[in-house]
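When the letters of the first sequence are read in order and numbered with numbering that gives the first Met the number 0, they come out as residues 0 to 423.
Possibly wrong hints are sitting among the right ones.
Pair ranges (Cβ atoms, derived) [as the list claims (entries may be wrong)]:
no. : residue 1 : residue 2 : range
1   : Asp182    : Glu21     : 23 to 31 Å
2   : Asp28     : Asp224    : 43 to 51 Å
3   : Lys186    : Gly404    : 32 to 40 Å
4   : Glu144    : Thr191    : 35 to 43 Å
5   : Ala155    : Gly327    : 39 to 47 Å
Capping the alpha-carbon separation at 25 Å, the derived lysine to any residue pairs in SDA-like fashion look like this [what the hints assert, rightly or not]:
no. : residue 1 : residue 2
6   : Lys12     : Phe328
7   : Lys420    : Lys12
8   : Lys186    : Glu297
It should be emphasised that the hints constitute simulated quantities derived from the structure, not laboratory data. Just so it is clear, CB atoms sit at the ideal spot from N, CA and C, and this is done for glycine as well.
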Amino acid sequence: MLDPKLIRTQPDKVRLALKNREYKPSQVDEFLAQDETWRRTISESDQLKQERNTASEEIGRLKKGGQNSEAKQEEVRKINDRIKALDANLKVLEEKLNQLLLYFPNIPHETVPIGLDASGNHVVSSWGEEKKFSFPLKPHWEIGEKLGILDFARAAKLSGSMFSLYMGLGAKLQRGLIQFMLDFHVKNHGYTEVYPPYLVRPEIMVGTGQLPKFKEEMYHCDADDLYLIPTAEVPVTNLHRDEILSIQDLPKYYVAYSACFRREAGAAGADTRGLQRLHQFDKVELVKTVIPESSYEEHEKLLKNAEAILQSLELRYRVLLLCTGDMGFSAAKCYDLEVWCQASQKWAEVSSCSNFEDFQARRANIRFRRDPKSKPEFAHTLNASGLALPRIMMAILENYQQPDGSVTIPEILRPYMDGRKQIP
RNA sequence: GGAGAGGUGGCCGAGCGGUCUAAGGCGGUCGCCUGCUAAGCGACUAUGUGGGCUUAAACCCGCAUCGUGGGUUCAAAUCCCACCCUCUCCGCCA
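Work out the full structure, taking the sequences as your base and the hints as a guide.
If you want it as C-alpha cells, here you go:
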C-alpha cells in the first residue's frame, strides 16, 4: 500500500510510476477526488461530534444540579441526525478509498529500468558455463519417467494436469533438496527456520498483496474462508503483523519450506509439459524484515544468498534486473534468478528476489521503534525464493543426465542421498 | 461437535452508564539521591486520523479507538443483539 500522503502531496510522482508500470495514471485523480470529499466530510463530522460531546457534558452537569436538560437533549438529538447522515456517507467513502489504495502497485525504485515487458529486463550477471554433451539430450520429463522417479500420468489421474508425482529416489531427492537448502541458509546465512501454516485468513493475503487484486490465482476453502498459500512469503511476512518491534529485534531473517498452491488461472496452455508450471510445488523461501535505510543493502545480500544455492549445486544461471513493466505488483525492485536447462535450451525462473520497501508493511501493519520514545515506523520487507524446487529438479535432470539414461547427483546433495552418486 | 470461562494500554490487571483525560502494578525513558552497584524518590510513558504551525520534526486544536460490527441513550469499556477469536473440560480424530 502506498502512503496516502504521498499521493496527496506528490501526485505526479505516483502518476509517472503508474505509467511506467503500464497502469492507468487516472487512478491518482480518482483517488484525489474521493480523498478531498472524504477529508471535507470527516472534518465536518468531527466538528459536530465536538459540539455533541460538549453538550453532553453540559447535560451531565445540569442533571447533577437537578436542573432540566430537555432542551439541550433535544438539541443534541438534532446534531446526531446530521452526524448519522455524514457518517453513513463517510463509511462509503472510506471503503472506496481503501479499495482504491489497495489497487495501487508499489513505486519502482530509481534503479529499476523503465520498460514495457520482459524484453526490457537487464541481464546483470551470469554464472557457470554451458556444459558440452556428446550425446542427444532428453527433456527432464522423459528422463524422470524413464527412471521411474517422476510419474505425470498418475499425477493427472489423481489431480489433473499440472500436478507432479515423485516416486522412490525422486521423492528422496526432492526431500534432500529441501533439507539441503534449509540447512544451508540456517548455517551459512544466519536465517531462522520457520514452518508455517498453509491455510491463512483473507487479511493475511491482503497483507502481502495477493488480495484483492489476484484473487483468481488463489485456492480458497469456502467453508472456512481460508486461502491456500501461494508461497511461504505470505504467512512468514505476516508473522509480525500488527506488531511494533524494537529496533534490536531487526533485521529478522527467516527461511521457510512450504508447499505452494497456485491456480495459474491466466497461464492456461503455457509451459504445461513436465515440471515447468504446476498447481502445487515446493519452495524454500527467504524472508527479511529490516529497517528502511538498510533494505537495499539487504536486498543485495538476499540475492547473494539465493545465488549461493545455485552455485553449490553447480548449475549455470543468470540474474535479471526486472524492468518497471515486468515487475510484480508489490515490489519496488526485483531480481529474477534463471537457471539454464540444457535439454530444453531454456532459462527457467527459480527465484524472484524483491524489496517491497514499506508496501507490505503498511498493509500488514508491521512497525518498529527506533528507541522507546520515538514514534513507530513501518519496517521494510523483502523476500527471495531460495529456491523453487521443480525447476531446480528440471535443471538437475537435464544438466546432469548421462548417456546411459542415469543422472549424476550434484556432490553437495549426496549426504542427503545416503552418499549415493547417481540415480539409479 | 457439546458445555463453560474470557477478550481492557508494551505486559499483568481493576473498572460494569456521566468524576475514564482508563485505577493499581510490571516494564521502559529521563532526572534526583548515593564511594560504585542495588535499593529509594520524582516526572514522563498508547495508536490512528483530520486540521493548524513548520523546510521537517517538535508542538497545538479536534475526532476515533477497551475483540469486530450493529443497537439503546443527550452520554457506552460499562446495557442489548450478532459475529470473531482465545482458554478449560467432554466427545471425535492424525
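task = Tell me, in ascending order, the numbers of any earlier hints that this structure violates.
result = Hints 1, 2, 5, 7 are the ones this structure does not satisfy, whereas the remaining hints hold.
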